[in-house]
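Trainee: Go by the hints and put chain B onto chain A.
Those protein sequence lines, which keep their order, are chains A and B.
The first sequence begins at 1 in the working numbering and counts up one residue at a time.
The second sequence begins at 226 in the working numbering and counts up one residue at a time.
No wet-lab data here; the hints were simulated from the structure.
Computed from a predicted model, the values in this text were never measured in an experiment.
We put the beta carbon where it would ideally sit given N, CA and C, even for glycine.
Check the hints yourself; a few may be wrong.
Stretch by stretch, here's where chain B covers chain A in the computed footprint (C-beta under 8 Å, at least three residues) [unchecked claim]: (1) 22-36; (2) 52-66; (3) 127-136; (4) 157-171.
Protein chains: 2
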Amino acid sequence: MNQKAVVLLSGGLDSTTVLAKAMAEGYEVYALSFDYGQRHDVELEAARLIARNMGVKGHKVIPIDLRSLGGSALTDDTINLPTKASEGIPATYVPARNTVFLSIALGWAEVLGAHSIFIGVSAVDYSGYPDCRPEFISAFERLANLATRMGVEGQAVTVQAPLINLTKAATVNLGISLGVDYSVTVSCYQASKSGEACGTCDSCRLRKRGFEQAGVADPTRYVTG
Amino acid sequence: MNQKAVVLLSGGLDSTTVLAKAMAEGYEVYALSFDYGQRHDVELEAARLIARNMGVKGHKVIPIDLRSLGGSALTDDTINLPTKASEGIPATYVPARNTVFLSIALGWAEVLGAHSIFIGVSAVDYSGYPDCRPEFISAFERLANLATRMGVEGQAVTVQAPLINLTKAATVNLGISLGVDYSVTVSCYQASKSGEACGTCDSCRLRKRGFEQAGVADPTRYVTG
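Chain A with its partners taken away, still in its complex shape (with noise of 0.2 Å):
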């Protein structure tokens, strides 16, 4: 029987990669995403589609509102959306995403007796926030094997996170070799309700950046007008 693993799935041209990445892997794969009240929730139907497209064994959508903590330009309306790079952690950073988002990953993976969690993270062509970098994965590895009863008795959980010294550009050629259809997946923070991308947010302008340096034409639908 394959080996299980959790895959954190928003939607988007990451966590699209990883999620092929552990297909092709060969482990048995339960994609999780999250409705936390982000702006892009139409990410969500992306995730939907590509989890069914590549035949995960299981794909949930657990809901959980951090629009009610706020502090975010993704989880609060009153914060605006950065439209150029920026010094240090941009606005777009939703205070402890990713330790949520693994946190619950880490429960399910327990309940299924998945010993793998993958996350797409890079902290190469990102934004700058803090929970993508290495020394937070780490960080997370540890704290999960003294958190759960499968730490506890030996059975180790292993955090993989096989984007983190990729650049977008060799993220996006990881996908092609490895059959990812990116025109599916969403990575604009205000994309319309059908999905198309706005172009200039920080989100866009990476994977914009991505596709050209790769070479590859960028299948994304933008907004026209």
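Mentor: Okay, now just chain B, sitting in the frame of chain A:
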């Protein structure tokens, strides 16, 4: 201005004692509870009452459906509650629960500008849950400082577990000295809708013995008949 603190408040004996301690230390307290699909959700009524009676600055009850993950006697009705002490980690252990709760507390702390998170875990008279041990708390604190903007910017977050080395009796005595009214707290895993305790579950047994050993009259309302 007082320092702010987020206090995890289940509505039980331990977390209420911790809340009283944080208030006594002069923190401006923001209490955080979770509607996670627990059997004993009457504890949330207790939490609301306690937060109001004790005059916290804010109280949030965040829904997070751990029942959709299952894996515990507290979140899956097909798993029976144990009625006597067992070897190892009991069936009431909820996978990754304290990791999830602390993560969301961390997010709120960051939005509030609070640098302290209080949690009522103890590693003495406890159920053997891995996420109640001091090494878990230290690992979470380390993670918290890597995960967040405040950590990165040098404003450390501390996770305070003032009961970690206390027996249940010592906790009761601490609470009594701080004026806690334990009659409104609910610890029972299968409390009735009006908050009456069964007297036989693991949580009831620990609590009962705590009052006995402290030499304090037990104000718990038990189911009669």
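Trainee: Run every hint past the structure and note whether it holds.
Mentor: Structure-based check of each hint:
1. Counting residues of the segment 22-36 of chain A whose CB falls under 8 Å from any CB of chain B gives 0; the rule of at least 3 is not met.
2. Coverage of the segment 52-66 of chain A by chain B holds. Counting CB-CB distances below 8 Å, 6 residues qualify, and the rule asks for three or more.
3. Only residues whose beta carbon comes within less than 8 Å of a beta carbon in chain B count, and the segment 127-136 of chain A has 5; three or more means the coverage holds.
4. For the segment 157-171 of chain A, the stated coverage by chain B is violated: 0 residues have a C-beta nearer than 8 Å to a C-beta of that chain, whereas at least 3 were required.
When the structure is compared with the earlier hints, violations turn up for hints 1 and 4 and for no others.
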